[in-house]
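**Q** Residue-level listing of the chains:
Protein chains: 2
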Amino acid sequence: MTNRKEVAKLAGVSEATVSRVLNGIGPMKDSTRQRVLQAAKQLNYELNAVASSFARGRSGNLGVVLPHVPKVHLFSTYYFSELLGGIGEAVHSGGYGLLLLFRDPTAVYDYVSLYRTQRVDACIILGSSAVEAERTAVHRLADERLPYCVMDQRFDHPLLNIVAADHEQGSYDAVRHLIDKGYGRIGFLNGAPQYSNSRDRLAGYRRALLEAGVAEDEMLVYEGNYSRTSGRRAAGQVYRDLGRLDAVFVSNDRMAIGLMQGLRELGCSLPDDLKIVAYDDSDAASFTEPPLTTVRVPFYEMGRLAADCLLKQLADRDKTDAPAPLIREKLRTELVIRKSSGN
Amino acid sequence: MTNRKEVAKLAGVSEATVSRVLNGIGPMKDSTRQRVLQAAKQLNYELNAVASSFARGRSGNLGVVLPHVPKVHLFSTYYFSELLGGIGEAVHSGGYGLLLLFRDPTAVYDYVSLYRTQRVDACIILGSSAVEAERTAVHRLADERLPYCVMDQRFDHPLLNIVAADHEQGSYDAVRHLIDKGYGRIGFLNGAPQYSNSRDRLAGYRRALLEAGVAEDEMLVYEGNYSRTSGRRAAGQVYRDLGRLDAVFVSNDRMAIGLMQGLRELGCSLPDDLKIVAYDDSDAASFTEPPLTTVRVPFYEMGRLAADCLLKQLADRDKTDAPAPLIREKLRTELVIRKSSGN
Numbered sequence: 016m017t018n019r020k021e022v023a024k025l026a027g028v029s030e031a032t033v034s035r036v037l038n039g040i041g042p043m044k045d046s047t048r049q050r051v052l053q054a055a056k057q058l059n060y061e062l063n064a065v066a067s068s069f070a071r072g073r074s075g076n077l078g079v080v081l082p083h084v085p086k087v088h089l090f091s092t093y094y095f096s097e098l099l100g101g102i103g104e105a106v107h108s109g110g111y112g113l114l115l116l117f118r119d120p121t122a123v124y125d126y127v128s129l130y131r132t133q134r135v136d137a138c139i140i141l142g143s144s145a146v147e148a149e150r151t152a153v154h155r156l157a158d159e160r161l162p163y164c165v166m167d168q169r170f171d172h173p174l175l176n177i178v179a180a181d182h183e184q185g186s187y188d189a190v191r192h193l194i195d196k197g198y199g200r201i202g203f204l205n206g207a208p209q210y211s212n213s214r215d216r217l218a219g220y221r222r223a224l225l226e227a228g229v230a231e232d233e234m235l236v237y238e239g240n241y242s243r244t245s246g247r248r249a250a251g252q253v254y255r256d257l258g259r260l261d262a263v264f265v266s267n268d269r270m271a272i273g274l275m276q277g278l279r280e281l282g283c284s285l286p287d288d289l290k291i292v293a294y295d296d297s298d299a300a301s302f303t304e305p306p307l308t309t310v311r312v313p314f315y316e317m318g319r320l321a322a323d324c325l326l327k328q329l330a331d332r333d334k335t336d337a338p339a340p341l342i343r344e345k346l347r348t349e350l351v352i353r354k355s356s357g358n
Numbered sequence: 016m017t018n019r020k021e022v023a024k025l026a027g028v029s030e031a032t033v034s035r036v037l038n039g040i041g042p043m044k045d046s047t048r049q050r051v052l053q054a055a056k057q058l059n060y061e062l063n064a065v066a067s068s069f070a071r072g073r074s075g076n077l078g079v080v081l082p083h084v085p086k087v088h089l090f091s092t093y094y095f096s097e098l099l100g101g102i103g104e105a106v107h108s109g110g111y112g113l114l115l116l117f118r119d120p121t122a123v124y125d126y127v128s129l130y131r132t133q134r135v136d137a138c139i140i141l142g143s144s145a146v147e148a149e150r151t152a153v154h155r156l157a158d159e160r161l162p163y164c165v166m167d168q169r170f171d172h173p174l175l176n177i178v179a180a181d182h183e184q185g186s187y188d189a190v191r192h193l194i195d196k197g198y199g200r201i202g203f204l205n206g207a208p209q210y211s212n213s214r215d216r217l218a219g220y221r222r223a224l225l226e227a228g229v230a231e232d233e234m235l236v237y238e239g240n241y242s243r244t245s246g247r248r249a250a251g252q253v254y255r256d257l258g259r260l261d262a263v264f265v266s267n268d269r270m271a272i273g274l275m276q277g278l279r280e281l282g283c284s285l286p287d288d289l290k291i292v293a294y295d296d297s298d299a300a301s302f303t304e305p306p307l308t309t310v311r312v313p314f315y316e317m318g319r320l321a322a323d324c325l326l327k328q329l330a331d332r333d334k335t336d337a338p339a340p341l342i343r344e345k346l347r348t349e350l351v352i353r354k355s356s357g358n
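Here the protein sequences come in this chain order: A and B. Sequential numbering from 16 applies to the first sequence in my numbering. Sequential numbering from 16 applies to the second sequence in my numbering.
Among the clues, some could well be false.
Note that the list lumps identical chains together, so a pair holds whenever it fits in one copy or between two copies.
[Stated by the list, open to error] Derived BS3-like pairs: lysine-lysine, alpha-carbon spacing no greater than 30 angstroms straight-line:
| hint | residue 1 | residue 2 |
| --- | --- | --- |
| 1 | Lys196 | Lys345 |
| 2 | Lys24 | Lys56 |
| 3 | Lys327 | Lys86 |
| 4 | Lys334 | Lys56 |
| 5 | Lys20 | Lys334 |
| 6 | Lys20 | Lys44 |
| 7 | Lys354 | Lys86 |
The set of hints was computed from the structure by calculation and includes no laboratory data.
Assemble the whole structure, with the sequences as input and the hints as a guide.
**A** Here you go:
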């Protein structure tokens, strides 16, 4: 392999000068720089990627920042694995690497330093929520107008970049479906309200009830945490309320699966005793018994779209000094009807 | 923020010298280097991560190289998501980043250049198989004794680093369970033989039959590709052979789920018409109808172990010049008995 010495000799400069040229450091006469680049090219001198990214001010990596939750197999949830799959597809097409980084959800994560230290050229924030530390961290990032995108979580910042799904409409469609089938007494098992997409689901649920003239019964709104275990835990409460319920809308498939398992263990027959509409249309939705009526969310497409938008911003930055347009995408969901809602 | 100019001024050197010191480029008088480092420290001059890794010869990233298969949502398969989860956990604990990179399975991937260009300090190879291009690439990597580990795929190289599960024994246990229950006519739906873990499963299947004095019937060995669709596709053949089958051992849960869906559509009642033992013990195994008897594979632990071994090699490299010991780990599987095998 060619070394720096040979390049220096051919170019007639010192080795230090070769390094300075190839690393883009300091002032340099243009004729000298050209001579060095010419020699390096002629000798096929392989630029070390780090040196080369240092020169270009690039890492070649798109960062994906996830919450670190001990013992939770995050990648094994449909939500994260599909988002990550879509991001991976875009990153692969764009010739980038995907750098996964974990943040502590209780601390203010220093996104800005990821850019300043050139670990990433852009980043996507997954699994974010409206807790104070995360809000502070994302607001700082938005203030700097760095290339970033928050996935599926609203923050109240004028420069927020976000790709989300229309969960208000998705939830409305789910509840509306039950009402149209004649089931008026509809409970709701939601995830935690720190996620804007939980609050959006609640808004959609309420809109559908209001529109149908059904009074909301707060006692029939249950809270889980999007895990199967939390769905199973809710089964006791739902079972207790069975006399007041025709159906339950559940905020994701995993909780719905846990709820069905729990109810079956308590002796329920599904969907006869209770109609269920879930959310996500994960793989599992089609092979539970009964198969789940559920709201399909295009997570893979959302991940791909966010990554594509960011890679485009990076490419455009080389062409223009104009600030990048904001990313504001809201994708449509789709109700998929199966047997759990009594069909 | 402090800039290079101020550091140069305080140290009494040129800006170029500051860069050369901080980037570890070229020869430098030790007293000069000390003066620059002292000034940088005094002024809290933040070393750019790229410059800093360049100086240390490190990226701070563990690479994970995956096959790129268009349209396949790789992260949404239990196998990859669990392995990745375990790797992520180790990488997070070790303060590393996880750099995901995709390879074209038909080309010879240049692993070595990942190290030479300092994109990664070590790497884990997932989803590898014995096709010629992959064999060549892995052999080159092994020849160089770089810190790497192949996940769950054997290659015939004396310096192979591998973390795997004992699929021969796992498969033996699965088939033995069926034999012990009195089901002697056992078919086998396997994945493609380019994976050593498919060949290991076949070996375990054969050992159990041989030991029980059951003659293998080649007509009852079916091939899928570990996807649900391929399991569904196999349902037609299995259905045709029902008169000669008591049970089928299936190489992963996804294929088993597809097979059960297909058989049910053809009018079968499960597990009455056919006993099934699957493999993986993915999330879905417990909520299919009937729930799957399956072989639990500790994928998460395998991922964590491989990453931990590599991070330890990297840490040890700073302490000793001795070559790192080979990584040769084979983890045990465990049969989980549920209703699909007729219990």
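**Q** So, for every hint listed, does it hold in this structure?
**A** A quick look at each hint next to the structure:
In the homo-oligomer, the alpha carbons of Lys196 and Lys345 lie at most 30 angstroms apart inside one protomer (28 angstroms), although the nearest pairing across protomers, at 54 angstroms, exceeds that limit. Taking CA atoms no more than 30 angstroms apart as the test, Lys24 paired with Lys56 passes inside one copy only; the shortest distance there is 14 angstroms, against 35 angstroms between copies. Proximity of Lys327 and Lys86 under a CA criterion of 30 angstroms is satisfied inter-copy only: 22 angstroms between copies versus 36 angstroms inside one chain copy. Only within a single protomer do Lys334 and Lys56 lie at most 30 angstroms apart by alpha-carbon distance; the minimum there is 25 angstroms, versus 37 angstroms between protomers.
Taking the shortest alpha-carbon separations for Lys20 and Lys334, only the inter-copy value of 29 angstroms comes in at or below 30 angstroms, while the best intra-copy value is 35 angstroms. When the C-alpha separation of Lys20 and Lys44 is checked against a cutoff of 30 angstroms, the pair qualifies both within a copy, at 20 angstroms, and between copies, at 19 angstroms. In this assembly of identical chains, the alpha carbons of Lys354 and Lys86 lie at most 30 angstroms apart only when taken from different copies (28 angstroms versus 33 angstroms within one copy).
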